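Line order of the protein sequences matches chains A and B.
So in this note's numbering, spot 205 of the first sequence is number 205, and the numbers just go up one at a time.
So in this note's numbering, spot 464 of the second sequence is number 464, and the numbers just go up one at a time.
FYI, nobody ran anything at the bench for these hints, they're computed from the structure.
Just so we're clear, the structure is a prediction, and the values are computed from it rather than from any experiment.
Hints should not be assumed to be uniformly reliable.
[Claimed, not checked] The list that follows gives simulated cross-link-like pairs (lysine-lysine, DSS-like), each with its CA atoms no further than 27 Å apart:
#, chain 1, residue 1, chain 2, residue 2
1, B, K390, B, K290
2, B, K549, A, K198
3, B, K129, B, K43
4, A, K107, A, K85
5, B, K525, B, K584
6, B, K178, B, K549
7, A, K64, B, K174
8, B, K174, B, K289
9, A, K208, A, K226
10, B, K390, B, K549
11, A, K173, B, K509
12, A, K173, A, K107
13, B, K589, B, K289
14, B, K549, A, K147
15, A, K208, B, K178
16, A, K107, A, K147
17, A, K198, A, K226
18, B, K589, A, K147
[Said to hold, decoys possible] Covered by chain A, per the in silico footprint, the following chain B stretches (three or more residues, Cβ under 8 Å):
#, segment
19, 556-565
20, 602-611
A virtual CB, placed ideally from N, CA and C, is assigned to each residue, including glycine.
Letter by letter, the chains look like this.
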Amino acid sequence: MKRNIFYIIGCAAVLLFSSCEKDNYDAPASTLTGRVVYQDQPLGVRSDGVQLELWQSGYSLFTKIPVYVAQDGTFSASLFDGNYKLTRLRGNGPWADNTDTINIQVKGGTTVDVPVDPYFVIRNDNVQRSGNAINATFNIQRVNTTKDLEYVRLYVGQTMITDQVRNEGSATKMPADIADMSQPVTLSVNVPGSMASKEAVYARIGIKTVGVAELLYSQPVKINLK
Amino acid sequence: MKNIIKYSIACALTLSMSACKKDWLDRQSQTLLVNEQVMNDPKLIVGLLANFYDRLPTDASLTSRWQQHTSYDDAVWSGGGNAGDEERNNIVQYATDRWRIYDYALIRDINLAIENMNAVGNRLTADQKLQFEAEFRFLRAYNYFEMVKRMGGVPIITTQLLIDDKGDVAGLRKPRNKEAEVYDFIASEIDAIKDVIGNTGSPTRANKYTALALKSRAMLYAGSLAKYNNQLPSPITLPGGEVGIPANRAADYYQKSLDASKEIINSGRYSLYNGNPNLGENFFEAITKKVGNPEVIFAQDFLQTKGRNHAFSYDNIARSIREDNLGSSAIAPTLNLVETYDFLNGDAGTLRNRTADNSDYIYYDNISDIFANKDARLYGTVIYPGTSFKGSPVQIQAGVMVWNAATNSYQTVEGNLGSIYGPPTFPNGDGGLLTGASGPQRSAQDVSNTGFYLRKYVDPAPQSSNRGRQSDMWWVRFRLGEIYLNAAEAAFELGNTPEALTYVNTLRKRAGFPDNSLTTLSIDKLISERRAELAFEDHRLWDLIRTRKATEVWNGSTTSTTANLYALYPYRIVRPGDAARHNKYVFVKLVAPRFRTPRFFQIQNYYMSIPQNAIDANPLIVRNPFH
C-alpha cells in the first residue's frame, strides 16, 4: 500500500513536470543582423525612425515583424529559424522605393546587407570645433535624382543619438544657398548655452529630401569641449 | 382488458405527440426578434437606429477614447498613470494605426437594415420607410466620412455582399474608391436624403440641418485636401487616386461647403447661444446647456434618470472641488491652448509674464490679472487661476518665491496641496498660502500639471463628478459655431474675404470682441480661431491634417515651441521689504514637467495604414503611401 502511494506521487510528479515542458516554447534563439548600405557603406538614419519589414508565410497570423534600423544603419532581430521575406517599407527611409523582396534563410546567426538607393549621401564629412563654434564641411552626392534637396542641417546633441528629433541646437542651409552642389558645403553652429558646461557634445549632419519624412545622416562625431 | 389499456396508452401517446408536433418548431422566440417583427414596428426601428447612432465614431468624445484629448497639443495627461495613459505625455511618434477606422461591420449592419426594411417592412407606410431609409443613409454617410478622413479612399459598399453558391469569394472583393469619390458619395447621399429625413428640430436624431452640417464639414475637408495636399513639395498621392484629390476640385468642394453652411445659417432655425450676460459663462453654456439651446445641431445625449451616464466629469473635474475620493484632473489644458485666445484689444494671446526687456517678472496684484481682457471663450473652455467652478473657487498656485537678499535672487518653494507657508514646516514663513488646493504640482497624479483645468464639458450639476452618480453631459457633434467657421473658411478660400470676416467676427463678438475685430484673414488665423472656438470638440487633429500643417506644427523638435507643451506656474512673492512686490503674483512658463517627448507627426500619419487582414483577404486593396 505504501509503495502504491509512492508510485502515485511519483507518477503525479512526472506528469506535472512533463506537462510544463510540453507547452512552453523556447524563446527565439537565432539572430538576424544586418546593415542598410549604399556601395557597401552603412547609411546613418534617425534612431527608431526607419523600419524594415519581415514577413513569414505559412502561419495563420500573417502580419509583419517590424525591424527598426539603429542610428548607425545597423539592425538586428531575434527570430526562430526559418525562411523570411525582408521588404523595404515604401516611403519610409531616405531612399527610393524598392519593392523587391529579399529572401532570407535564418539559421543561427545570420547576417544580411540591405542595399538601398538613397537620394543623397554625405561624403568627406569633417566636423571640428573652433572656439564656441562647430564647423562642418562635407560634400553632397546626389544618387537617385528623382527627388530634390529640401535642406541640409547640422545638429548638436548631448548623446550619440542626435538627429532631427533629439538635438540641442542646429543650423540649416537651404538649396538656394548652395550655389554649386559639387563643391564642399560648410555649416556652422554655436554650442548652445545649455551644453557649454559639458565635457563633450555630438555633432551630426542631416540631409532632407523633399517629400520624404526621414533624413539621411552622417555618423555622429564626438566633439570634446574641454 | 389488457388490450384496452394498451390501446388507450398508445392513443394517449399519439395524441400527446401529435399535439406537440404542430407548434413545437413553430413557436415565437421569447428572446429574439426577427426581421419581420423589427422592420414592421417603428419603435423597434428607432431602437435599431439608436444602436447605430451610438456607434458613430469619434477620435475623442466624452466616452469613447476621451483620453485622446491629451494626445495632441491642447492638453497634457495629468491623471493617474496605471492605465498606461502616461504614455500620452511621451509619444515618440504616432503609430500608423493610432486613429485608424475600418469598420465595415457597422457599414454592413446599416446596409442590411435598409435592405431588410424594404424587403419585409410591409406594414410601414411609404413615408415612414422613406424617412427611416434617409436616416440610415445619413448614418452610413457619416461613417464613410469618418473612414475617408483617416484612411483616404475606401471601398464604397452600399449593399450587403453575399457569397455565391459555388463558394467563390472573388465577387466580394471590391477595390478602394478614389478619395474624391468617397467625398462625392457623401455629398450626393446628403442631397438625396435631406428633404425626406424628417426629425425636424431634434438635436439628437438627424434632420435636414444635421445632414447639411455633415456636408458643410465634409466638403470643407475635401476642399482643403485638394488645395493643401497639392501645395506640399511632394503631394501625397496614389496612382489610382485612392489618396490625393486633384487641385482643380478645390473650388467646387469649397463652394458646396459654403452653400451647405449658408443654408443652415440662413434657415433661421439655429442661432448662436446668447442666454447669459456673463460672456465666459455664456460660452460654457453654449456647449453644455441641454435645454433650450438654439446653437446645438447634433449631439450624443445622456440621461441621468435612465442611468445612461459617463464618468467624464469624474475624470476631469478640478482637483480641489472633486466629489469623489479618487480621479480628477486628467485633461489639463496647456499654455499653448490658453495663449491661442487673443486679448480683446486685438493683441495676440501671448501672456505677459516678464518685462519687455526680460529683466524681471511682471508683478500682478491678483492671480487672475494676467488673464484680464482675454477672449471670453478662454473662461468658457479652461479653468485658470482665480476662477471658480460650481460656485467654488479653484485655488491654483504652484508655490511661493522667497526673496533672498544675500544672493539677490528668488528661491522657489513648493509644497503639498493646500499647504501654508509657515510653521512648523517653514518656521520663517509668513503664514500665507504656499501651494493651492488644486496645485499645480510637478509630478503628482490627479492634479493639474499645467496650472489649468478643463471647464468645457465638465458637468456643473451637483455630485456629477461622483462615480456613484456620474454625469449626463452631452457630446456635441455639430453646432452653429462650427458652421460659422466652416463658412468663413470656405468663403476665404474662394476669395471672398469680406464675407469670411463677417462670420468670424460674429463669433468673436459673442466672445467679447468689438465689432469687426478682425480685418484681415489667413488660413493660420482661421485654424487658430477654430482651435479657440472648438477646443476639445474633436477638431484640432483633423484641422491640422487636412491643411497639411501637422508635420510643421508637431515637428518633433526638442526646440520647437509648438511641438512642446507648456505649463504656467503662478507663484506668490514673499519679499516683505518691498511693498511693490510683496504678496504679488508672478508667472513662470515652462514645459509641462510630466510632458517628456515633443509631439512628432510624420508624413506617414496623414493617412492611417489599411489593416493587414483587409489586405490579406482582398488583393485588390492597395496600401496607403508610406505604409
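Which constraints among the numbered hints does this structure fail? Numbers only, ascending.
Structure breaks hints 2, 5, 8, 9, 10, 11, 12, 13, 15, 16, 18.
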